[in-house]
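Undergrad: Listed here are the chains, written in short residue letters.
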Amino acid sequence: DAKTTQPPSMDCAEGRAANLPCNHSTISGNEYVYWYRQIHSQGPQYIIHGLKNNETNEMASLIITEDRKSSTLILPHATLRDTAVYYCIVRGVSGSARQLTFGSGTQLTVLP
Amino acid sequence: EPEVTQTPSHQVTQMGQEVILRCVPISNHLYFYWYRQILGQKVEFLVSFYNNEISEKSEIFDDQFSVERPDGSNFTLKIRSTKLEDSAMYFCASRATHYEQYFGPGTRLTVT
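Just so you know, the sequences run in chain order S and G. The first sequence begins at 1 in this note's numbering and counts up one residue at a time. The second sequence begins at 1 in this note's numbering and counts up one residue at a time.
Hints are computed from structural coordinates only; laboratory data are not their basis. Treat each hint with caution, since some may be false.
To be verified - Simulated pairs of lysine-lysine, DSS-like, Cα-Cα distance not exceeding 30 Å: (1) S:Lys69 <-> G:Lys78; (2) G:Lys57 <-> S:Lys3; (3) S:Lys69 <-> S:Lys52; (4) S:Lys69 <-> G:Lys42; (5) G:Lys42 <-> S:Lys3; (6) G:Lys78 <-> G:Lys42; (7) G:Lys83 <-> G:Lys42; (8) S:Lys52 <-> S:Lys3; (9) G:Lys57 <-> G:Lys83; (10) S:Lys52 <-> G:Lys42; (11) G:Lys78 <-> G:Lys57.
To be verified - A few chain G residues that face chain S, going by a derived Cβ cut-off under 7 Å, partial list only: (12) Phe45; (13) Ser48; (14) Phe61; (15) Phe103; (16) Pro105; (17) Gly106.
The beta carbon of each residue, even a glycine, is placed where N, CA and C say it ideally should be.
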């Protein structure tokens, strides 16, 4: 699985959009980009994933660059409850039981 | 919304004792995982399980560890002889045929 690079920490004002970047310059054509978050030692929570098109769900939007070497997770209106560590994970789909490899992630702090 | 559950939420045990951590995955899921997170460190993969057998395991998952799906609903992690360094949060996860894994709330294991 390709390696990812994320900033260790970011702040965001409550109500504003939080834009979390991720670099994955060695991503290969069949690898997906996943985003999870972990709120203070709770179990990681799935947010969104994508291959090459931009994706949106009720939690967030995922913007993947055309060359797929980077992506941005967007929380459109951050709340205090969005304070968490956000993990960007690249994973191939081959191998039916492939595990997730977590890095250090980005600690997002939403400020009142 | 269906969710992964884990029991107990906190387990305290003495070094050398056996512990069993229990998980109830989401009912129609087919792939099951255990991860652990030592305090302040990354989430680490331990083992994946599919079709009643281990699919992959990490080097952490040595002979002291075993997994079982005894009755078609529970998924257990057994540590035969606990060590101090086994103290961690243990997360169970499950997945259907889609790619996202859903995590339980975790069991905090404290080995004294």
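Undergrad: If any of the earlier hints don't hold here, list their numbers in rising order.
TA: 1, 14
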